[in-house]
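Chemist: First to last, the sequence lines map onto chains A and B. Here the first sequence stands for residues 1 to 404, numbered as in this note's numbering. Here the second sequence stands for residues 1001 to 1159, numbered as in this note's numbering.
Be aware that one or more of the hints could be misleading.
Far from chain A, some chain B residues (derived; all Cβ distances over 10 Å) [what the hints assert, rightly or not]:
1. T1048
2. A1105
3. L1122
4. H1135
5. R1137
6. P1150
Okay, the calculated bits of chain B under chain A, using three or more residues with CB under 8 Å as the criterion [stated by the list, open to error]:
7. 1089 to 1100
8. 1125 to 1134
Quick list of simulated restraints, FRET-style, between CB atoms [to be verified]:
9. B:A1077 <-> A:L351: 51 to 57 Å
10. A:D105 <-> B:G1152: 54 to 60 Å
11. B:G1152 <-> A:G258: 49 to 55 Å
12. A:D185 <-> B:T1048: 43 to 49 Å
13. A:G391 <-> B:T1048: 27 to 33 Å
14. B:P1150 <-> A:N275: 28 to 34 Å
15. A:S234 <-> B:Q1125: 33 to 39 Å
16. B:G1055 <-> A:A238: 29 to 35 Å
17. B:P1150 <-> A:S137: 54 to 60 Å
18. B:P1150 <-> A:I298: 21 to 27 Å
19. B:G1067 <-> A:T278: 21 to 27 Å
20. A:I330 <-> B:A1076: 36 to 42 Å
21. B:G1067 <-> A:T393: 22 to 28 Å
22. A:P66 <-> B:V1069: 36 to 42 Å
Calculated directly from the structure, the hints in this document are not laboratory data. A virtual CB, placed ideally from N, CA and C, is assigned to each residue, including glycine.
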Amino acid sequence: MTDFRKLLIAVTGLACSFSVGCGGGSSSKTNVITQSGSNVAPIVVNAGPANSYANGAFASVTVCVPGTSTCQTIDGVLVDTGSSGLRIVSSALTTVALPQQKASDGNPVAECLQFLGSYTWGPVQTADVQIGGEKASAMPIQVLSDTDFTAPSACSNGFPSADTVASLGANGILGIGNAAQDCGDSSGCGLYYECASTSSCTTTGEAVAQQVVNPVALFPTDNNGVIVELPAVSGSEAAVNGSLVFGIGTQSNNGLGGATVYTIDPTFSFNVEYNSTTYGGSFIDSGSNGYFFLDSSIVPALLDCSSNSGATGFYCPTSTQNLSATNKGINGASGTVNFSIANAETLFNNLNDTAFSQLGGPSIISGSGPAYFDWGLPFFYGHNVYVSIEGTTAPGGTTPYWAY
Amino acid sequence: MAKQDGSSIRLKMLVMAAAVVATVAPAWGSLGGGAASVQADQIHLQGTRTMKAAGSYTVHEIQAANGTVVREYVSAAGKVFAIAWHGPWIPDMRQLLGNYFDQYARANQAQRGARMRRAPILINQPGLVVQIGGHPRAFAGTAYVPEMLPSGVGAENIQ
Chain A
1 MTDFRKLLIA VTGLACSFSV GCGGGSSSKT NVITQSGSNV APIVVNAGPA
51 NSYANGAFAS VTVCVPGTST CQTIDGVLVD TGSSGLRIVS SALTTVALPQ
101 QKASDGNPVA ECLQFLGSYT WGPVQTADVQ IGGEKASAMP IQVLSDTDFT
151 APSACSNGFP SADTVASLGA NGILGIGNAA QDCGDSSGCG LYYECASTSS
201 CTTTGEAVAQ QVVNPVALFP TDNNGVIVEL PAVSGSEAAV NGSLVFGIGT
251 QSNNGLGGAT VYTIDPTFSF NVEYNSTTYG GSFIDSGSNG YFFLDSSIVP
301 ALLDCSSNSG ATGFYCPTST QNLSATNKGI NGASGTVNFS IANAETLFNN
351 LNDTAFSQLG GPSIISGSGP AYFDWGLPFF YGHNVYVSIE GTTAPGGTTP
401 YWAY
Chain B
1001 MAKQDGSSIR LKMLVMAAAV VATVAPAWGS LGGGAASVQA DQIHLQGTRT
1051 MKAAGSYTVH EIQAANGTVV REYVSAAGKV FAIAWHGPWI PDMRQLLGNY
1101 FDQYARANQA QRGARMRRAP ILINQPGLVV QIGGHPRAFA GTAYVPEMLP
1151 SGVGAENIQ
């Protein structure tokens, strides 16, 4: 981003503090980025701490030993609306030693969470967590480490570990999705383990209050969701600055404005219609680094990148494709999204770029499997996206929902 | 046209038999395995099972205790040629993929491109196709062996 554009955003922010309706969402490409407030934290799209990311948005998080001023600020934490809970790579925790959560029998508790293509493993520890001006006290977080306890083979499930900065591409994951906890019921969902020794961990139930939790849900105020605000990106850019705003309709700077509310089902999904076919199981996710949808048997102009191109798993059309699909909330709300898919191999050839507004890839192979739309980070460029948390009250509809 | 598979007595006997087998050999299912491997998967998943005939093959649907639904596609020759599943979490892939698990795990390790990618898993190799999509609390996936698809059955039939 040029200095001129930074100035423009700064001026917009200044104007915002004196006008009404600021921070409101707009589905047009002229969204306003909220610049200040106790409920605002800056985020940045860049290559991340491992210098490896395409379309990753990162925040700074301060973790403290509970009830003390022994704290450490960790930047490069991936902003992920597709998961819930704070996870920090152990090697990034250099100056604070957090207390270990223990099961009722005194054994330490660890967790395994599987993402698409990788898993995180490590002890559940407790921290006071500060993001922007908001603070969650005595919050269970996951510390990612392959060495504190040996990961059971069921945890890997055939995936490589993502417990280092290099393998995660980030210093941690800030899961601020629609779920209040990662599991949400006392069964532990098979995610939680207690460890009788460093090499012997077995699955266990876990009380909901002990589970790794969406930090926003534990804030004393502004705790019903977030707004992820990133400016429009024309083509590709080296870096993009935006804001993470806490609360929906709780302050003068986080009202719904003109945003449309799309309510979602208990699996945090809605429907997307493309070419007269409805695809269920679709979602909006800042932690996905492209638009992932359908495949080239359904959209013939899209071609898969070659498997040895470094862009494998993305689309490589011969010319940029302009497409549109319609989001449909469970509440009947409907809105058309126009988007473009460019050749990922060409996009990645510019090594300086990290924000790609036209990056996409297939969600299925050859017409099989459950086809769906995953509106990843490119969708957020130019949309202020509201993510409400289940079980809370927020304006505009029944939670959980997305709005933009 | 779904029907319950067997009486509860038969199921109990089956569980006991499987428990005996499990003490001598791991009861790994399933992809590429015989119909018995479906029963092993059902026991592993602590699920209930229904069967449904679909032309040249049978779909065994296992409803697991944790909310995951697994469908296993068994050919007329009694071999599991495909698996589809959906649920809040990714099921035990070693159990479901059986002898194909190592190929799957190797492919996952090799999926790293030049840029960090957080996206659906798409493995399309000779002898094995696996795809997994979704996010925590809502995952879905399919796996099949292209060479084992009965004639007239396409990938689009595996849902």
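Chemist: For each hint, tell me whether it holds in the structure or not.
Modeler: Structure-based check of all given hints:
At roughly 18 Å, the least C-beta separation between T1048 of chain B and chain A is larger than 10 Å, which holds for a residue marked as non-interface. At the 10 Å boundary, the C-beta of A1105 of chain B falls inside the reach of chain A, the nearest C-beta of that chain being 4 Å off. Non-interface call for L1122 of chain B relative to chain A: violated, since the shortest CB-CB distance, roughly 5 Å, does not exceed 10 Å. The beta carbon of H1135 of chain B sits about 4 Å from the closest Cβ of chain A, which is not more than 10 Å, so the claim that it is off the interface is violated.
At roughly 6 Å from the closest C-beta of chain A, the C-beta of R1137 of chain B falls inside 10 Å, breaking its exclusion from the interface. Listed as a non-interface residue, P1150 of chain B keeps its Cβ farther than 10 Å from every Cβ of chain A; the least gap is roughly 15 Å. Coverage of a stretch by a chain is defined here by at least three residues with a beta carbon nearer than 8 Å to that chain's beta carbons; for the region 1089 to 1100 of chain B and chain A the count is 6, and the condition holds. Residues of the region 1125 to 1134 of chain B with a Cβ under 8 Å from some Cβ of chain A number 5, which satisfies the need for three, so the listed coverage holds.
Here the CB-CB span from A1077 of chain B to L351 of chain A is close to 52 Å, well matched to the stated 51 to 57 Å. Range check, D105 of chain A to G1152 of chain B: about 56 Å between beta-carbon atoms, so the 54 to 60 Å window is met. In this structure the supplied range 49 to 55 Å holds for G1152 of chain B paired with G258 of chain A, their Cβ-Cβ distance being about 52 Å. Between D185 of chain A and T1048 of chain B the C-beta distance comes to about 20 Å, which lies outside the given range of 43 to 49 Å.
Evaluation of the 27 to 33 Å hint for G391 of chain A and T1048 of chain B yields a pass: the beta carbon distance comes to about 30 Å. P1150 of chain B and N275 of chain A have their C-beta atoms about 30 Å apart, which keeps the hinted 28 to 34 Å range intact. For S234 of chain A and Q1125 of chain B, the hinted distance range of 33 to 39 Å is satisfied, since their beta carbons lie about 38 Å from each other. Roughly 55 Å separates the CB atoms of G1055 of chain B and A238 of chain A, a value that falls outside the hinted 29 to 35 Å.
Checked against the hint of 54 to 60 Å, the pair P1150 of chain B and S137 of chain A passes, with Cβ atoms roughly 59 Å apart. Taking 21 to 27 Å as the suggested C-beta distance range, the pair P1150 of chain B and I298 of chain A conforms, at roughly 24 Å. The beta-carbon spacing between G1067 of chain B and T278 of chain A, approximately 23 Å, falls within the hinted interval of 21 to 27 Å. Here the CB-CB span from I330 of chain A to A1076 of chain B is close to 41 Å, well matched to the stated 36 to 42 Å.
The hinted range of 22 to 28 Å is satisfied by G1067 of chain B and T393 of chain A, whose Cβ atoms lie roughly 27 Å apart. In this structure the hint that P66 of chain A and V1069 of chain B lie 36 to 42 Å apart at CB holds, the actual value being about 40 Å.
Checked against the numbered hints listed earlier, the structure breaks hints 2, 3, 4, 5, 12, 16; every other hint is satisfied.
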